[in-house]
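Engineer: Generate the whole structure from the sequences, applying the supplied hints.
There are 2 protein chains.
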Amino acid sequence: MFPAPVSLANQRKKEPDVVRQKLLDCAAQILVDRGLANLTVQAVAEAAGVTKGGLLHHFASKQKLTEALFAEQLRILDGEIDAAMSADPVAHGRFTRAYVRSTLRVEQTGPCPCAALSVSTLIDPALRQAWGDWYKERLNRHRETDGDLALQLVRYAADGVWLEDLMAQDGESPIDRQALLSKMIDLTRKR
Amino acid sequence: MFPAPVSLANQRKKEPDVVRQKLLDCAAQILVDRGLANLTVQAVAEAAGVTKGGLLHHFASKQKLTEALFAEQLRILDGEIDAAMSADPVAHGRFTRAYVRSTLRVEQTGPCPCAALSVSTLIDPALRQAWGDWYKERLNRHRETDGDLALQLVRYAADGVWLEDLMAQDGESPIDRQALLSKMIDLTRKR
DNA sequence: GGAAACATACCGGCTGGTCGGTATCTTCGC
DNA sequence: GCGAAGATACCGACCAGCCGGTATGTTTCC
Chain A
6 MFPAPVSLAN
16 QRKKEPDVVR
26 QKLLDCAAQI
36 LVDRGLANLT
46 VQAVAEAAGV
56 TKGGLLHHFA
66 SKQKLTEALF
76 AEQLRILDGE
86 IDAAMSADPV
96 AHGRFTRAYV
106 RSTLRVEQTG
116 PCPCAALSVS
126 TLIDPALRQA
136 WGDWYKERLN
146 RHRETDGDLA
156 LQLVRYAADG
166 VWLEDLMAQD
176 GESPIDRQAL
186 LSKMIDLTRK
196 R
Chain B
6 MFPAPVSLAN
16 QRKKEPDVVR
26 QKLLDCAAQI
36 LVDRGLANLT
46 VQAVAEAAGV
56 TKGGLLHHFA
66 SKQKLTEALF
76 AEQLRILDGE
86 IDAAMSADPV
96 AHGRFTRAYV
106 RSTLRVEQTG
116 PCPCAALSVS
126 TLIDPALRQA
136 WGDWYKERLN
146 RHRETDGDLA
156 LQLVRYAADG
166 VWLEDLMAQD
176 GESPIDRQAL
186 LSKMIDLTRK
196 R
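For the record, the sequence lines run as chains A and B. Under the numbering used here, the first residue of the first sequence carries the number 6, and numbering increases by one thereafter. Under the numbering used here, the first residue of the second sequence carries the number 6, and numbering increases by one thereafter.
Hints may contain errors.
Identical copies look the same in the list; a pair holds intra-copy or inter-copy alike.
Okay, derived cross-link-like pairs now, DMTMM-like style, lysine to aspartate or glutamate, Cα gap no bigger than 25 angstroms in a straight line [claimed, not checked]:
no., residue 1, residue 2
1, LYS141, ASP181
2, LYS27, ASP191
3, LYS67, ASP38
4, LYS195, ASP153
5, LYS27, ASP83
6, LYS141, ASP38
7, LYS57, GLU72
8, LYS69, ASP138
9, LYS141, GLU169
10, LYS69, GLU142
11, LYS188, GLU72
These aren't lab readings, by the way, just hints derived from the structure by calculation.
Structural biologist: Set out below in C-alpha cells:
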C-alpha cells in the first residue's frame, strides 16, 4: 500500500537531541573535508542518516543550520581558550598564547573547529560579523595583556597556519609544527 | 521573423582578446566583493557585457574559467614578488619581504589578487595543488635566504593579514597596517 | 490523544552546459 | 582592389540536474 521507507529513522527510537547534534557534527565534517560547495542540506541529512525533511525539522533553513554550526564551533573555541588561559601563570600575552595553542593544536587530532568556523565565515556576512564581534570583544577584554603589536602579529601567524591547514589537507605538514609553536610561544614572552 | 537581440555585442566590433580579458577581470571582481557563491557564469558574463554562451565560447567550462583566473592572478603575484625582490639589496629574507609587501600592499588600491587566489583555492583541489606547487617551488628556490623558521612565521602572519582583509571587507582596518608592515619587515632582518 | 520526530512527494528557481544560428573577421584567388 | 569562402566570435533558446524549501503524511513518545 505504502512505499517502503528509504530510511528507518522513522521506526527507530526518537532521539531528537542526538540527531540534532549528529547533524551539526556531520555538517562540520563535510565542511572541512568536502568543501563549502558540497555543504548541502541533502548531503548533511544523508550523512546523519536522516532525510532532508528531517533536517529541516531541526533547522528551519540552511541558514539556521550554518548559524548553529558556527555558534557551536565558536563556543568550543571560546572554551578552549578560557581553559588554556587559566592554566597560564604569565599575564603578558596570555590570550595570544591560548589563541595560538587552540588554533594550532599540535597534539589534538580531528578537524579544527576553526576550519569550519572560517570557511563559513567566508560565505555569510552575518557570520563574518559575528566572528568579528567575538574577536573584538575578546581583544578588548585582554587589551592590557595582549594589546602589543608583536602579539597581534603572532595571532596573525596563527591564522596563517590554519589557513595552510585548510589548503594542504593532505595530512602532510611540510614544516615542523611543534617547533613553530614553540617559536610562536617564545615570541609572546619577549620584552 | 527573428527576435531582436538583447545585446548588441554580436553586431559590435569583435575583440576576442579584450572580451576574454574583461571576463577574467569581472570574474576576479565578483569573486572579491560578491563572494564565491555569486561567481556564476551568468553573473560574470553579464558583468562583462556578454551572454552566457559568449563566455562559454571563450572558456569551455566554468572550471576552465576559474583555472584561467587563478593562473593570471598567480602570474601577477609572481611578477610583483620578482619586482620587489630585485629592488631589495639585502639577501637574507629577501623573498619573505617581497611576499609580505605583495600580500599586504598598504599603498596600492584595488582588490588584492591574493584574495581571489585564495578564495578560489578553497573551492578547487586542483587549484589548491597549483598554489602549493608554486609556493613550494618558490620556497625551494630561496631556501638559503628564506629557510629560517622565523621568516616562515612572518609569511604565515602575512597570510593571516589578508585573511582578515577577506573577512573584514568593510574598509575599516582596525589596526595600523603601516606599522604592522614595518614590524614584519623588521623581523626579517633580525639575526 | 496530542505533540513531537521524522519520511515522502513535490515545486520553483537557478546552475552549468549544449546547440543551432547569425554576424564579423581573415584569408586568398584573381 | 575585391569578392567569395571558411574560420572565428558571439547570441538566444533550451535542457537536465540539483538546490533549498513546503506541504502533508506517518510513526513514536508522553
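Engineer: Hints first: check each against the structure and report whether it holds.
Structural biologist: Here is what the structure says about each hint:
Only between protomers do LYS141 and ASP181 lie at most 25 angstroms apart by alpha-carbon distance; the minimum there is 15 angstroms, versus 31 angstroms within a single protomer. In this homomeric assembly, LYS27 and ASP191 never come within 25 angstroms of each other (Cα to Cα): the closest approach is 39 angstroms inside a single copy and 48 angstroms across copies. Taking the shortest Cα distances, LYS67 and ASP38 sit within 25 angstroms of each other both inside one copy (19 angstroms) and across copies (22 angstroms). In this assembly of identical chains, LYS195 and ASP153 lie within 25 angstroms of each other by CA distance both inside one copy and across copies; the values are 11 angstroms within and 19 angstroms between.
In this homomeric assembly, LYS27 and ASP83 come within 25 angstroms of each other (Cα to Cα) only inside a single copy, at 21 angstroms, whereas the closest approach across copies is 44 angstroms. Taking the shortest Cα distances, LYS141 and ASP38 sit within 25 angstroms of each other only across copies (22 angstroms), while inside one copy they are farther apart (29 angstroms). In the homo-oligomer, the alpha carbons of LYS57 and GLU72 lie at most 25 angstroms apart inside one protomer (18 angstroms), although the nearest pairing across protomers, at 33 angstroms, exceeds that limit. Taking the shortest alpha-carbon separations for LYS69 and ASP138, only the intra-copy value of 19 angstroms comes in at or below 25 angstroms, while the best inter-copy value is 38 angstroms.
For the identical chains of this complex, LYS141 and GLU169 are neighbours both inside a copy (24 angstroms) and across copies (12 angstroms), given an alpha-carbon limit of 25 angstroms. For the homomeric pair LYS69 and GLU142, the shortest alpha-carbon distance inside one copy (24 angstroms) is at most 25 angstroms, but the shortest distance between copies (43 angstroms) is not. Taking identical chains as interchangeable, the C-alpha atoms of LYS188 and GLU72 are never at most 25 angstroms apart, the minima being 35 angstroms within one chain and 36 angstroms between chains.
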